[in-house]
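These protein sequence lines map, in sequence, to chains A and B. For what it's worth, our numbering labels the leading residue of the first sequence as 1, then goes sequentially. For what it's worth, our numbering labels the leading residue of the second sequence as 1, then goes sequentially.
Hints were generated in silico from the structure; no laboratory data involved. The reader is advised that the hints may include incorrect statements.
Said to hold, decoys possible - Covered, in the sense of this in silico footprint (three residues per stretch, anywhere, with C-beta under 8 Å from a C-beta of chain A), are these stretches of chain B:
(1) 94 to 104
(2) 115 to 121
Claimed, not checked - Some, not all, of what chain B presents toward chain A, calculated at C-beta under 7 Å:
(3) Phe10
(4) Arg57
(5) Gly90
(6) Leu259
Source: prediction; values computed, not measured. All C-beta atoms in this analysis are idealised placements derived from N, C-alpha and C, irrespective of residue type, glycine included.
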Amino acid sequence: MAHAVTAPPGTGGGERAAALAVRGLAKTYPGGRRALAGVDFEVAAGEVFALLGPNGAGKSTTMRILTTLSRPDAGTATIGGVDVVREPQKARRLIGYVAQRSGVDASGTGRENLTLQGRLHGLSGRTLAARVDALLETVGLTEIADRGTREYSGGTRRKLDIAMGLVHEPRVLFLDEPTTGLDPEVRAEIWEHITGLAGAGALTILLTTHYLEEADRLAGRVAILDRGTIVAQGTPAELKGDLRGDAIHVEVLDPAAAEPARRVLAGLARVREVTVDGVTVRALVEDAAGAVPLVLAALTERGVTASSVAVARPSLDDVYLHYAGRSAKEERA
Amino acid sequence: MSTIASQSWFMTARLLRGTVREPLFLIIGLVQPAIWLLIFGQLFYRVTDLQGFGDGRPYLDYLTPGVVVMMALTRGAWSGGNVLEELDHGVLDRFLVSPVSRAALIAGHLCQQAITIMAQAVLVLGLALAMGARFAGGPVGALVLLLAAILMVLAVGSLSMSFALVIRRSQSLTAVIQFVLLPLVFLSSAFMDQSLAAGWIRTIARFNPIDWAVLAGRSALAEHPDWQLIGTRLLWLAVLAALCALVAVRSFRSYQRSL
Ligand SMILES: Nc1ncnc2c1ncn2[C@@H]1O[C@H](COP(=O)(O)OP(=O)(O)O)[C@@H](O)[C@H]1O
Ligand SMILES: [Mg+2]
Numbered sequence: 001m002a003h004a005v006t007a008p009p010g011t012g013g014g015e016r017a018a019a020l021a022v023r024g025l026a027k028t029y030p031g032g033r034r035a036l037a038g039v040d041f042e043v044a045a046g047e048v049f050a051l052l053g054p055n056g057a058g059k060s061t062t063m064r065i066l067t068t069l070s071r072p073d074a075g076t077a078t079i080g081g082v083d084v085v086r087e088p089q090k091a092r093r094l095i096g097y098v099a100q101r102s103g104v105d106a107s108g109t110g111r112e113n114l115t116l117q118g119r120l121h122g123l124s125g126r127t128l129a130a131r132v133d134a135l136l137e138t139v140g141l142t143e144i145a146d147r148g149t150r151e152y153s154g155g156t157r158r159k160l161d162i163a164m165g166l167v168h169e170p171r172v173l174f175l176d177e178p179t180t181g182l183d184p185e186v187r188a189e190i191w192e193h194i195t196g197l198a199g200a201g202a203l204t205i206l207l208t209t210h211y212l213e214e215a216d217r218l219a220g221r222v223a224i225l226d227r228g229t230i231v232a233q234g235t236p237a238e239l240k241g242d243l244r245g246d247a248i249h250v251e252v253l254d255p256a257a258a259e260p261a262r263r264v265l266a267g268l269a270r271v272r273e274v275t276v277d278g279v280t281v282r283a284l285v286e287d288a289a290g291a292v293p294l295v296l297a298a299l300t301e302r303g304v305t306a307s308s309v310a311v312a313r314p315s316l317d318d319v320y321l322h323y324a325g326r327s328a329k330e331e332r333a
Numbered sequence: 001m002s003t004i005a006s007q008s009w010f011m012t013a014r015l016l017r018g019t020v021r022e023p024l025f026l027i028i029g030l031v032q033p034a035i036w037l038l039i040f041g042q043l044f045y046r047v048t049d050l051q052g053f054g055d056g057r058p059y060l061d062y063l064t065p066g067v068v069v070m071m072a073l074t075r076g077a078w079s080g081g082n083v084l085e086e087l088d089h090g091v092l093d094r095f096l097v098s099p100v101s102r103a104a105l106i107a108g109h110l111c112q113q114a115i116t117i118m119a120q121a122v123l124v125l126g127l128a129l130a131m132g133a134r135f136a137g138g139p140v141g142a143l144v145l146l147l148a149a150i151l152m153v154l155a156v157g158s159l160s161m162s163f164a165l166v167i168r169r170s171q172s173l174t175a176v177i178q179f180v181l182l183p184l185v186f187l188s189s190a191f192m193d194q195s196l197a198a199g200w201i202r203t204i205a206r207f208n209p210i211d212w213a214v215l216a217g218r219s220a221l222a223e224h225p226d227w228q229l230i231g232t233r234l235l236w237l238a239v240l241a242a243l244c245a246l247v248a249v250r251s252f253r254s255y256q257r258s259l
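Okay, chain A solo, but in the shape it has when bound (with noise of 0.2 Å):
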């Protein structure tokens, strides 16, 4: 295959060079719409990177940018050396990309949609029916192979767009909110997948994602983006590990009692971080055993009744509240 992934220029050397390095890139939409202010991560060769943020943030821009879809005003960004503005088209034989809308052609069957991605990448004759049918396989579309994609489920769009983004046998696969609207069980089986990918080893993956739980299931590392600007990084161990504490859950039964609950949290020494989500108000505690006498005596006295007050070590949600100063719930509302 001429498009065969091999090393690109800029990846000796015996250590493991970043497959993704991203240097201040900055990004203002013409009408004067700041998306990105300054972000930099790199991603290790096989790695697993999640970009976890709120909607706004400037996931998709981030990703369109090093899918070479769109381009930056300032900063750089490489793909195994490869610098995605000065070499679009070297940068476009290693990257596969799921973008967050799906891609998937209505008029064709999902064989049709598969092959033709990867025609435009080069492969074809045995090699690509080979291929395209190695990966209908694996995530489970061969079946339901040629019938019109008009009839596909969500779900079963979404497997083939992660298909049509591996087609070519890419180095780093970009993955937009790859589970974003999805049922729970459909959600869990392209987890599944991106493990099963992540697992092989070889390939690299940016995936984007408001869910924390799935930043937490599948990357190894996270970084969290707000407004433009990454306010946090490192293993999801990490960031938990960065708030000092535990976390303390009070559950009211009036989600008018809340606030009162909210100010009655605030109110005690040593309690940092109160926030009010529905039901449940949250802070962080310097030792939460020590502290649950303290705070349901309090709430007594004020006539607040809790229905729970659960201790945690800190959930990334917690994290991404301290960062980004909301809670990913209260962004999704």
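Given chain A, put chain B with the ligands in place with the hints provided.
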């Protein structure tokens, strides 16, 4: 080069497949000219009695090239809609992340339009024959008309795609088409002999590519074609189509830069 050619063909084949699977647009594109032939043919068949109209052929013979060219015009004009759909559905992005030649993406659309307009033109010519039209120019004349229609669809299709890529709003496209198309047709000899039109219309018609295509096709189908007229008009149309295709490629670049 051969890569661009084969890539263009993959894109063409994809679009043709869509056309064949959903022939509604093709059918609508054929019903319209059939209606024009029927209504205009019946409504105006006596205009040939006017002194100075045409070359003595029946009105249906006169009208047919006009209807074919108008069909090409309409087909080309709406082609921007297909590009908008690709754009809206993320299909274009999926092509753009591959190393496919950008020219092939445009060429695919143009080839598909050329092929479908050929099929449609052959059907309309057949229908006209069935209705009693006679074309002394024979198959060669028909080929000239086909060529004129293809050049027309390439020129107008390129402009329509450019418009779609730059403006990116289907309502605007519709508005422009409705505002521009019909007046331009009537400012040509598609339905009416220009020697019977007002002076200013005649002046405009001389620069109207629709008129070039109609004149070339009509003359080629006559008993004694005026090859000089045919040659010059086809040449102008070819130059125009090439210029418009360049505009389309430029618009494509500007679309990509705007993202
Ligand atoms: N094509 C565009 N033109 C203008 N503004 C845009 C465009 N695409 C995105 N934006 C804006 O840029 C910001 C970042 O968007 P995006 O990268 O899509 O965020 P995310 O994917 O994290 O939701 C948003 O404020 C969005 O409205
Ligand atoms: Mg997005």
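Subject >> Agreement of hint Leu259 of chain B with chain A interface, Cβ distance less than 7 Å >> reply: Holds. Min distance 4 Å.
Original post:
At a threshold of 7 Å, is the proposed contact between Arg57 of chain B and chain A supported by beta-carbon distances?
Top reply: This interface hint is violated because 42 Å lies over the 7 Å limit.
Original post:
With a cut-off of 8 Å between beta carbons, are at least three residues of the stretch 115 to 121 of chain B near chain A?
Top reply: violated (count 0)
Original post:
With 7 Å as the cut and Cβ atoms as the points, is Phe10 of chain B at the interface with chain A?
Top reply: Hint on Phe10 of chain B: holds, closest Cβ of chain A at ~5 Å, below 7 Å.
Subject >> Stated coverage of the stretch 94 to 104 of chain B by chain A [criterion: 3+ residues, CB within 8 Å] >> reply: With 7 residues close enough to chain A, the hint holds.
Subject >> Closest C-beta approach of Gly90 of chain B to chain A relative to 7 Å, hint status >> reply: OK, holds: Gly90 of chain B within 7 Å of chain A, min 4 Å.
Against the hints set out earlier in the document, violations occur for numbers 2, 4.
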